[in-house]
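For the protein sequence lines, the chains are A and B, in the order given.
In terms of the working numbering, the first sequence opens at residue 1 and continues consecutively.
In terms of the working numbering, the second sequence opens at residue 1 and continues consecutively.
Keep in mind the hints are simulated off the structure, nothing from the lab.
Since we're looking at a predicted model, the values are computed, not measured.
For glycine and all other residues, C-beta sits at the position ideal for the given N, C-alpha and C.
Any given hint could turn out to be false.
Derived pair list, reagent style PhoX-like, types lysine-lysine, alpha-carbon separation capped at 20 angstroms [said to hold, decoys possible]:
#1 K199/A <-> K30/A
#2 K128/B <-> K128/A
#3 K198/A <-> K30/A
#4 K49/B <-> K30/B
#5 K30/A <-> K49/A
#6 K130/A <-> K199/A
#7 K49/B <-> K130/A
#8 K30/B <-> K199/B
#9 K130/A <-> K199/B
Which chain B residues stay away from chain A? Per the calculated CB distances, all over 12 angstroms, these [said to hold, decoys possible]:
#10 D32
#11 E137
#12 P178
Number of protein chains: 2
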Amino acid sequence: MYRLFYAPHSCSLASHIALEQTGAAYEAIKVDFGNNEQRGDDYLSINPKGRVPVLVTPDGTLTENLAILVYISQSAPEAGLTPRDDPFAFAQLLSFCTYLSSTVHVAHAHGVRGYRWADDPAAISEMKRKTPESMSECFETIETRLFRGPWVMGEDYGIADMYLFTIASWLKADGVDPNQFPRVADHRARMLSDPVVKKVIAAQ
Amino acid sequence: MYRLFYAPHSCSLASHIALEQTGAAYEAIKVDFGNNEQRGDDYLSINPKGRVPVLVTPDGTLTENLAILVYISQSAPEAGLTPRDDPFAFAQLLSFCTYLSSTVHVAHAHGVRGYRWADDPAAISEMKRKTPESMSECFETIETRLFRGPWVMGEDYGIADMYLFTIASWLKADGVDPNQFPRVADHRARMLSDPVVKKVIAAQ
Chain A
1 MYRLFYAPHS CSLASHIALE QTGAAYEAIK VDFGNNEQRG DDYLSINPKG RVPVLVTPDG
61 TLTENLAILV YISQSAPEAG LTPRDDPFAF AQLLSFCTYL SSTVHVAHAH GVRGYRWADD
121 PAAISEMKRK TPESMSECFE TIETRLFRGP WVMGEDYGIA DMYLFTIASW LKADGVDPNQ
181 FPRVADHRAR MLSDPVVKKV IAAQ
Chain B
1 MYRLFYAPHS CSLASHIALE QTGAAYEAIK VDFGNNEQRG DDYLSINPKG RVPVLVTPDG
61 TLTENLAILV YISQSAPEAG LTPRDDPFAF AQLLSFCTYL SSTVHVAHAH GVRGYRWADD
121 PAAISEMKRK TPESMSECFE TIETRLFRGP WVMGEDYGIA DMYLFTIASW LKADGVDPNQ
181 FPRVADHRAR MLSDPVVKKV IAAQ
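So that you can see chain A by itself, here it is in the shape it has in the complex:
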């Protein structure tokens, strides 16, 4: 039995979908960001970084969405959510997911959590102002260069789809029209009609 600590509208949605997709036994525990629960002593004793997702496994606790996604998929290899026995294909998947975690998610964070990198309110406002531009650039790269079709990595559905779907769901709130990116928008529509994705969104 796994325990997933998640917050609605955060990147933990991807890990939640992966757990549901593999049929793993898990309990999903909501962390109330509205009440700053992630900064409370109880939660910091689980994850001192004060972030989600966290996956508590029989072997120990894991942090970082990308690591959790890879762990869930490799622990249920029959689900086929990551390439097996092909270091290049696996590295291509990691490359895409690392771009999401270290560039795209970071671009988004400047619109909502600029205090991580500046104290001056004017600087935080300036970061927020630029967020639509940097998110648009990232999604232009995804739309025209990285997305293969029909799924992110090509023929096989997997963790990259769950992760892209999650981050693309932030575009509107970031001030970006998602319809600028028709392949990403079509991917999103297909994800939204998937029974597993529907179930997880309803549960969150």
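Keeping the supplied structure of chain A fixed, place chain B upon it in accordance with the hints.
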């Protein structure tokens, strides 16, 4: 034969060390950031993101340091630079490396490349001002919670060591005294005396 595109003082040092450590046949090609070569048409045709490292392999081109490090290690499993057949140990490694790529490297980038997230020079200065504070917080987390010893992940030397060594080498320039973090500083001293690391630093 691989081709590695790197820039001195960038995170590509880690991938360079991994190639040398595994005994892979490779050519290292310097990208001149001083002359903005990474934004030139020749380089953008290799990596449209305009970043390093890039690894050109017989199967295709890879971007993102973490993906390249995992690829190099998994393509030379006899070197033992990543855990094999143990999804939890591998996920712990990915968790550490993702923290480096999406939090620590990003904190550093605010001191040198703030223009990615703001246009206003005052905001860029404010980001730079806060960089020592955020880098110190990151290394406090590494020193007290994440670093296991004697190597980053415990008994086995691997890609996490190469990656931490690379990012820790930026501390002084970021305005942080590396000796605040004795375990990281000791790790750095051991890495600097390693013949493979010495050879790569001399070559760069």
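These are the hints, each one checked on the structure:
Our distance criterion of 20 angstroms between C-alpha atoms is met by K199/A and K30/A, whose separation comes to about 16 angstroms. As the CA atoms of K128/B and K128/A are separated by approximately 17 angstroms, the hinted pair is consistent with the 20 angstroms bound. Taking the CA atoms of K198/A and K30/A, the gap is about 17 angstroms. The hint holds against a cut of 20 angstroms. A threshold of 20 angstroms between alpha carbons decides the hint, and for K49/B with K30/B the separation of about 17 angstroms falls inside it, so the pair holds.
The suggested pairing of K30/A with K49/A holds, with an alpha-carbon distance near 17 angstroms, which does not exceed 20 angstroms. For the suggested pair K130/A and K199/A, the alpha carbons sit about 34 angstroms apart, so the restraint of at most 20 angstroms is broken. Of the pairs offered as hints, the one joining K49/B and K130/A holds, with about 19 angstroms between alpha carbons and a cut-off of 20 angstroms not exceeded. As the CA atoms of K30/B and K199/B are separated by approximately 16 angstroms, the hinted pair is consistent with the 20 angstroms bound.
For the hint pairing K130/A with K199/B, the CA-to-CA distance comes to about 42 angstroms; that exceeds 20 angstroms, so the pair is violated. Separation of D32/B from chain A is adequate, the least Cβ-Cβ distance of about 23 angstroms exceeding the 12 angstroms criterion. Its closest Cβ contact with chain A, about 10 angstroms, brings E137/B to no more than 12 angstroms, contrary to its assignment away from the interface. Interface exclusion of P178/B from chain A stands, the closest Cβ pair being 21 angstroms apart, more than 12 angstroms.
The structure is inconsistent with the numbered hints 6, 9, 11, although it conforms to all the rest.
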